[in-house]
Amino acid sequence: MNEMLKFDNVELYYDHVYALKGVSIDLREGETVALIGANGAGKSSILRAITGLSKTRSGEVRYLGKRIDGLNPAEIVKMGIAMVPEGRRVFPHMSVKDNLLMGAFTRSDKADIARTLEMVLGRFPRLKERYSQMGGTLSGGEQQMMVIGRALMAKPKLLLLDEPSLGIAPKLVQDIARSIVAINRDENVSVLLVEQNSRMALSISNRAYALSTGSIVLSGNSKELMQDDRIKAAYLGGDL
Amino acid sequence: MEQILANGLYLGAQYALIALGLTLIFALMNVLNFAHGQMYVLGGFVTYTVYAQLGLPFVAGLFASAVTLAIIGALIEYFLFRPVIRRSSREESTMLLAAGIAFFLDAVILLVFGEKQRGVPKIINGVLNWDFRLIMPYDRILIGFLAILSIVSFILFMQYSKTGRAMRALAQDRVAAQLQGVNVDRYSMIGFALGAMLAGLVGGLLVTITGVNLGMGGPTSIKAFMMVMIGGAGVISGAIAGGFILGMLESIGLSVLSQYGDITYLLIFASLMVFLSIRPQGLMGKPWG
Ligand SMILES: Nc1ncnc2c1ncn2[C@@H]1O[C@H](COP(=O)(O)OP(=O)(O)OP(=O)(O)O)[C@@H](O)[C@H]1O
Ligand SMILES: [Mg+2]
Numbered sequence: 001m002n003e004m005l006k007f008d009n010v011e012l013y014y015d016h017v018y019a020l021k022g023v024s025i026d027l028r029e030g031e032t033v034a035l036i037g038a039n040g041a042g043k044s045s046i047l048r049a050i051t052g053l054s055k056t057r058s059g060e061v062r063y064l065g066k067r068i069d070g071l072n073p074a075e076i077v078k079m080g081i082a083m084v085p086e087g088r089r090v091f092p093h094m095s096v097k098d099n100l101l102m103g104a105f106t107r108s109d110k111a112d113i114a115r116t117l118e119m120v121l122g123r124f125p126r127l128k129e130r131y132s133q134m135g136g137t138l139s140g141g142e143q144q145m146m147v148i149g150r151a152l153m154a155k156p157k158l159l160l161l162d163e164p165s166l167g168i169a170p171k172l173v174q175d176i177a178r179s180i181v182a183i184n185r186d187e188n189v190s191v192l193l194v195e196q197n198s199r200m201a202l203s204i205s206n207r208a209y210a211l212s213t214g215s216i217v218l219s220g221n222s223k224e225l226m227q228d229d230r231i232k233a234a235y236l237g238g239d240l
Numbered sequence: 241m242e243q244i245l246a247n248g249l250y251l252g253a254q255y256a257l258i259a260l261g262l263t264l265i266f267a268l269m270n271v272l273n274f275a276h277g278q279m280y281v282l283g284g285f286v287t288y289t290v291y292a293q294l295g296l297p298f299v300a301g302l303f304a305s306a307v308t309l310a311i312i313g314a315l316i317e318y319f320l321f322r323p324v325i326r327r328s329s330r331e332e333s334t335m336l337l338a339a340g341i342a343f344f345l346d347a348v349i350l351l352v353f354g355e356k357q358r359g360v361p362k363i364i365n366g367v368l369n370w371d372f373r374l375i376m377p378y379d380r381i382l383i384g385f386l387a388i389l390s391i392v393s394f395i396l397f398m399q400y401s402k403t404g405r406a407m408r409a410l411a412q413d414r415v416a417a418q419l420q421g422v423n424v425d426r427y428s429m430i431g432f433a434l435g436a437m438l439a440g441l442v443g444g445l446l447v448t449i450t451g452v453n454l455g456m457g458g459p460t461s462i463k464a465f466m467m468v469m470i471g472g473a474g475v476i477s478g479a480i481a482g483g484f485i486l487g488m489l490e491s492i493g494l495s496v497l498s499q500y501g502d503i504t505y506l507l508i509f510a511s512l513m514v515f516l517s518i519r520p521q522g523l524m525g526k527p528w529g
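First to last, the protein sequences are chains A and B.
Note that the first sequence ends on residue 240 in our numbering; no numbers are left out.
Note that the second sequence ends on residue 529 in our numbering; no numbers are left out.
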C-alpha cells in the first residue's frame with residue numbers, strides 16, 4: 001500500500017509551551033488510523049499541524065510524498081485533506097445546504113458536486129429532512145453528521161476526524177462509528193481518527209497510536225492494542 | 241405623511257448601502273473602518289469628474305466610482321491592514337490605522353479636488369406631484385430606486401454566489417472556513433474592496449442630489465457607525481434595518497421638528513444612547529446572518 005501521510009519527528013509549540021515533542025506517525029492509503037490519549041495529550045495538535053492551522057517548529061509533514069508543513073490551510077485542503085474539527089464548528093447562521101456546499105468550496109465541477117451531495121444526503125438522511133434549517137439550530141448529533149458530510153463534500157483522499165463522538169448519545173456514537181467505517185470502505189478515503197472514546201476508536205481502526213503529553217507511547221495493530229494490558233489500564237478502564 | 245415616508249425610504253436606501261459596506265468589513269476582518277465616509281466622498285468626486293467635468297454619461301461616472309473605490313479598498317487592505325493585523329494582536333492598532341487612513345484620504349481629496357462644494361447637472365428633470373400629498377423630483381426617485389436595486393443585488397450576491405457564501409462562512413467561523421479551503425487573505429481583500437465599492441457607489445449616487453464636499457466624510461462615517469450600532473454590528477439585516485431606521489428618523493425629524501431648530505440629530509443621538517444602554521448588541525446583534 002502506498003504511503004499517504006508521514007509525520008516525521010514533529011515538534012509543535014504554542015508560544016513557549018510544547019504540545020508535540022518529536023512525534024512520528026504514518027498512514028497508508030486506505031487505512032483507518034486512530035489517535036488516542038488523555039486530555040491535553042496533543043491529539044488535536046497533530047491534526048492542526050497536518051492542516052496548517054498551527055505551524056510546526058521542526059520535523060516534516062509529508063502528504064503523498066510532498067512536504068506540506070509551511071503551506072496555508074487553504075492550499076492543504078485543496079490537495080485532498082478534509083478535517084472535521086474539534087467542537088464541530090458548524091456555520092451557525094447558514095442552512096444545512098449552505099454548510100454542505102461550503103465543503104465543496106475547492107471544487108468547481110457542478111455535476112460532480114451534485115453527485116457528492118446526493119451521496120452525503122443518502123448517507124445521512126436526517127440532513128435531507130433539515131435541509132433548509134440553520135446549522136446552529138441542529139441537535140449535537142445532527143451537527144456532527146453535517147460536519148462529516150461537509151468534509152465529504154470536498155471529496156477528500158484523507159479525512160481527519162477530531163472526536164466525532166464527543167457530546168453525543170451512545171446510540172448515535174454507534175451510528176457515527178458505522179458511518180466512518182462505511183465512508184472508509186466505499187468512498188476510497190483514508191481516515192485519521194482522534195478519539196477519547198478509545199474502545200470505539202480501536203474497534204473501527206486498523207492501527208492506532210497512543211499519545212501522552214506530546215509523545216507517542218504505544219502504537220500498533222488496533223486489535224492487539226485492545227488486548228494490551230497497558231492500554232486496558234490507561235484507556236479502556238471505564239466501560240462505555 | 242406619504243411625503244415623510246417617501247423621503248425616509250429614499251434616504252434610508254442610501255444609508256443602508258453605506259452601512260452594508262461598513263458592516264461587511266467589520267464582519268470579515270474585525271476592522272472598524274473609520275475611513276468609510278471619506279471613501280464615500282471620494283466616490284462622489286469621481287462621479288463629479290467623469291460626469292460633470294468630462295461630460296461622459298452618468299452611468300459611466302457611477303461605474304468609475306465603484307471601480308476606483310474597489311481598487312483603493314483592495315490596496316488599503318493589502319498594503320495597510322494585512323501587515324498590521326499580521327503583526328499586532330491588539331485591536332486598537334487597526335482602529336488607529338483606519339483613523340489615519342481617514343485623515344490621509346481627507347488630505348488627498350483636498351489636494352486633488354479642492355475644498356469647494358461641487359454639484360453635477362441634473363440627471364433627469366421634472367417632479368412627481370401626487371395631489372400635493374407627495375412631491376418628489378424624478379432624479380431622487382431614480383437614485384432611490386438604484387440604491388434599492390444595489391441592496392437587493394448585494395443580498396443576492398452574498399446569499400447565492402460562491403464568493404458570498406465564502407465571505408459569510410469566514411464571518412461566522414474563521415477556522416472552519418479555512419478548513420473548507422477559503423483563503424483568508426484573498427477573501428479579506430475581496431470583502432474590503434466590496435465594502436469600499438459600496439461606499440463609492442453611494443457617493444456617486446448622492447452627488448446628483450446633494451453635491452459633494454470635503455467636509456462630508458467625517459459625519460458620514462459617524463452616521464454609518466450609528467446605523468451599524470442600531471442594527472447590530474456585522475449583521476447584514478442589521479445594517480439594512482439600521483439604515484432605513486436612521487433614514488426614517490431623519491425624515492420625520494426634518495419635517496416635524498424643524499420649527500424647533502436643528503435638533504433632529506440631538507434627539508437621535510440621545511435616543512441611541514438610551515437604546516444602546518438597554519440593548520447594547522443592537523436590534524439583530526448576533527455574529528452575522
Ligand atoms: N491555542 C493554544 N494555545 C496554547 N496552548 C494550547 C493551545 N492549544 C492547545 N494548547 C495546549 O497544547 C497541549 C495539547 O493540546 P491538544 O489540543 O493538542 O490536546 P488534545 O489531545 O487534543 O486534548 P483534548 O482531548 O482535550 O482535546 C495542551 O496542553 C493544551 O493546553
Ligand atoms: Mg483535542
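Simulated from the structure, these hints should not be mistaken for lab results.
It is possible that part of the hints are untrue.
As the list claims (entries may be wrong) - Cross-link-like lysine to aspartate or glutamate pairs, in silico, DMTMM-like; alpha carbons within 20 Å at most:
#, chain 1, residue 1, chain 2, residue 2
1, B, Lys402, A, Glu31
2, A, Lys78, A, Glu129
3, A, Lys66, A, Asp8
4, B, Lys402, A, Asp112
5, A, Lys97, A, Glu75
6, A, Lys97, A, Glu118
7, A, Lys78, B, Asp425
8, A, Lys66, A, Asp109
9, A, Lys55, B, Asp425
10, B, Lys402, A, Asp8
11, B, Lys402, A, Glu75
12, A, Lys21, A, Glu31
Now for the hints, and whether the structure bears them out:
no.	hint	verdict
1	Lys402/B / Glu31/A	violated, 33 Å
2	Lys78/A / Glu129/A	violated, 30 Å
3	Lys66/A / Asp8/A	holds, 13 Å
4	Lys402/B / Asp112/A	holds, 16 Å
5	Lys97/A / Glu75/A	violated, 24 Å
6	Lys97/A / Glu118/A	holds, 12 Å
7	Lys78/A / Asp425/B	holds, 16 Å
8	Lys66/A / Asp109/A	violated, 25 Å
9	Lys55/A / Asp425/B	holds, 17 Å
10	Lys402/B / Asp8/A	violated, 37 Å
11	Lys402/B / Glu75/A	holds, 18 Å
12	Lys21/A / Glu31/A	violated, 25 Å
Figure legend: structure checked against the earlier numbered hints; hints not met, in rising order: 1, 2, 5, 8, 10 and 12.
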